[in-house]
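Put together the whole structure using the sequences plus the hints.
Each chain, letter by letter, is given below.
There are 2 protein chains.
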Amino acid sequence: MMRRVYMDHSAGMPVDPEVVEAMLPYFTQQYGNPSSLHSWGNEARKAMEDARSKIVALVGAKRNEEIFFTSGGTESNNLAIRGVAYRNKDKGNHIITTTIEHMSVMNTCKSLMKEGYNVTYIPVDKHGVVGLQSLEKAITDKTILVSVMYANGEIGTIQPVREIGEIAHRKGALLHVDAVAAAGQVPINVEKENIDLMSISSNDMYGPRGVGALYGKTGTRIQPIIHGGGQERGLRSGTENLPAVVGMGKAAEISKAEIKTEGERLSRLRDKLIKGVIESIPSSFLNGHPTQRLPNNANIRFSYIEGESLILSLDMIGVACSSGSACTSKTLEPSHVLLAIGLKHEEAHGSLLFTLGKQNTEEDVDYVTNALPDIVKRLRAISPLTPKELLS
Amino acid sequence: MMRRVYMDHSAGMPVDPEVVEAMLPYFTQQYGNPSSLHSWGNEARKAMEDARSKIVALVGAKRNEEIFFTSGGTESNNLAIRGVAYRNKDKGNHIITTTIEHMSVMNTCKSLMKEGYNVTYIPVDKHGVVGLQSLEKAITDKTILVSVMYANGEIGTIQPVREIGEIAHRKGALLHVDAVAAAGQVPINVEKENIDLMSISSNDMYGPRGVGALYGKTGTRIQPIIHGGGQERGLRSGTENLPAVVGMGKAAEISKAEIKTEGERLSRLRDKLIKGVIESIPSSFLNGHPTQRLPNNANIRFSYIEGESLILSLDMIGVACSSGSACTSKTLEPSHVLLAIGLKHEEAHGSLLFTLGKQNTEEDVDYVTNALPDIVKRLRAISPLTPKELLS
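Quick note, the sequences are listed as chains A and B, same order. Be aware that the first sequence starts at 281, since it is given in the numbering used here, and climbs by one per residue. Be aware that the second sequence starts at 281, since it is given in the numbering used here, and climbs by one per residue.
A hint or two may mislead.
Which copy is meant is left open, so a pair is good if it fits within one copy or across any two.
Stated by the list, open to error - No more than 20 Å apart at the CA atoms, straight line, and that leaves these computed lysine to aspartate or glutamate pairs for EDC-like:
# : residue 1 : residue 2
1 : 326       : 595
2 : 394       : 370
3 : 371       : 395
4 : 417       : 345
5 : 369       : 395
6 : 406       : 298
Please keep in mind that the hints were generated in silico from the structure rather than gathered at the bench.
What follows is the structure in structure tokens.
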């Protein structure tokens with residue numbers, strides 16, 4: 281029997297029905313502008329600050345003034361990196377990041393290089409872990425920013441953020457963390473983990489799209505990238521997106537409450553999926569770290585076939601997954617993340633990314649692990665690259 | 281009897297219940313990412329393009345590829361101006377705008393001045409109309425962009441956009457129009473009105489907040505300001521905010537259908553409000569153009585008292601209005617728009633902005649016109665500036 285099995289949560293998550301419920305009154309009833317002087321404005325301001333305090337609680341920040349709402353993870357990453365770069369021009373022009381960052385970090389750095397900034401890309405090991413020694417070697421007195429993701433959305437690998445922060449701070453550089461894939465999945469504490477700036481996204485924890493936040497530790501000064509009415513204490517102009525902010529607050533609250541139990545449940549499903557696939561399909565391998573990985577992430581490569589054909593074949597039996605980041609799936613280039621962990625072009629092309637979510641069950645995992653061997657066999661049978669011994 | 285009368289629609293509008301209805305499935309059921317290869321992705325892509333075509337229809341664009349979704353009016357203005365400036369650096373560094381633009385235009389220009397661009401601010405007449413002769417005089421071969429709002433959200437004045445476009449084009453400059461306050465209120469045709477780039481906002485036509493669009497005529501090339509996965513044909517990275525985009529599409533469709541009848545209804549209410557207030561309160565005057573003004577906009581100044589006290593007094597009887605743009609209401613500065621039309625500081629401070637909306641009725645207008653004379657009298661009685669003859 282055909283199921284609909286959505287395992288592409290890193291591309292987009294459903295919004296939690298409780299979150300939708302929380303947002304609804306702000307569309308049609310409490311539609312004041314938080315900047316307005318009258319009672320409608322007061323209500324809106326209160327709702328904004330209530331939502332902000334829930335983000336504070338999720339990430340272990342110290343106060344509401346450390347959370348700035350943006351239009352999402354991409355904007356938060358742009359704001360953090362460009363904001364630090366412009367603000368600290370006098371101090372230095374060197375930025376350090378890694379070879380496996382999200383395109384919003386990669387392309388912001390690339391664009392800053394055209395403006396005269398120097399960017400060093402620290403390599404990662406075969407599991408996708410950032411090399412601390414490379415960082416030690418690369419960092420100088422001119423380094424103003426180290427930008428490293430908390431966990432990689434494609435291969436799931438979680439970074440040693442606290443240690444990276446220590447190295448950055450020893451040299452007087454700021455640490456920005458892209459926690460879009462990690463926030464809501466694993467517990468994060470900005471204070472304990474030496475984080476100065478951190479990007480998070482609402483949809484990546486079952487909140488609405490089009491809203492995210494940038495955490496900025498008290499005293500961290502950056503320059504805005506969008507100018508106007510001076511909302512969000514001057515850092516992000518534009519009418520506050522109140523319904524979405526309220527939704528993100530609710531999503532953060534739910535995430536915090538469920539992070540332990542749901543993380544454990546997802547980890548079990550993930551491991552069952554990885555084991556089920558790898559044990560039943562020859563020449564299939566896990567990408568990313570075997571243990572230090574996001575609870576919902578299973579990235580598996582299959583020799584001799586292409587991820588795109590796998591995605592389309594799985595789609596035909598109702599399963600949604602991807603070949604990497606949705607943000608780069610339009611290009612035919614192999615994932616820069618998979619190349620960075622040392623895979624060859626054809627290995628990167630043959631990788632499949634499953635990202636699990638709240639609605640996924642054991643039955644979903646069984647459905648995929650039961651169906652996948654035949655699909656892989658069929659695709660390998662028509663691939664000229666497949667060695668004979670795999671075709672029996 | 282106390283009513284709740286919301287007349288602050290330029291600060292924030294309720295979302296049309298039909299729009300909320302249209303958005304709902306995209307939160308919890310059709311949550312695919314438009315960039316994904318599978319069926320969820322296909323559905324999402326179709327919904328994006330369907331919404332885009334409704335924006336095309338509203339503004340008279342030629343094709344879907346001319347509409348780029350952003351996070352709102354402020355971002356659209358930032359993107360248009362900075363995008364043209366960076367892209368045309370080789371051609372020239374001169375930008376022309378006016379003295380009454382929204383802060384998102386004003387502050388983007390200010391920030392570009394620090395980067396070496398020259399900005400000329402064209403003055404307006406006492407009704408807030410941009411001087412075409414001043415524009416003719418200011419424009420040179422180095423002018424790359426003329427940025428003028430379609431209508432002013434504070435004083436309601438509608439600009440001679442077509443003529444402004446002719447002048448710009450004669451010199452080879454692009455015309456950007458901030459139509460945030462106008463789109464959905466008055467019919468706009470980008471082709472007939474010589475518009476190359478146009479910013480619109482969803483919430484200003486009863487759509488959700490946190491989403492807007494930039495129209496860019498085919499062939500107009502600008503540089504992105506937010507970098508990442510290359511969504512919106514490379515111009516605006518970040519996961520597409522599908523529920524909001526669908527909502528904005530629905531809002532545009534409804535606006536287009538109702539623009540004539542609702543515009544006439546609002547104009548009648550507006551004129552009744554203006555007449556009712558000005559005839560019953562001595563030393564009260566209309567700000568902005570007497571006829572060329574937005575159907576929903578009534579901006580009235582009252583000598584000898586402060587707008588803030590009026591807002592708070594009206595709030596106590598359930599009426600919401602403002603003293604100007606919500607984007608600037610946090611500062612104690614008088615509105616730059618009111619100063620630009622020649623008002624003195626104290627006149628600007630004594631102004632009240634009523635912006636009407638779909639839910640407002642004749643009864644709402646009667647409620648305000650009945651209540652306001654006593655409020656003004658009471659506030660004037662305690663103001664040291666009020667001349668004796670007004671106190672009887």
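Which numbered conditions among the earlier hints are violated in the structure presented, ordered from lowest to highest? 4 and 6
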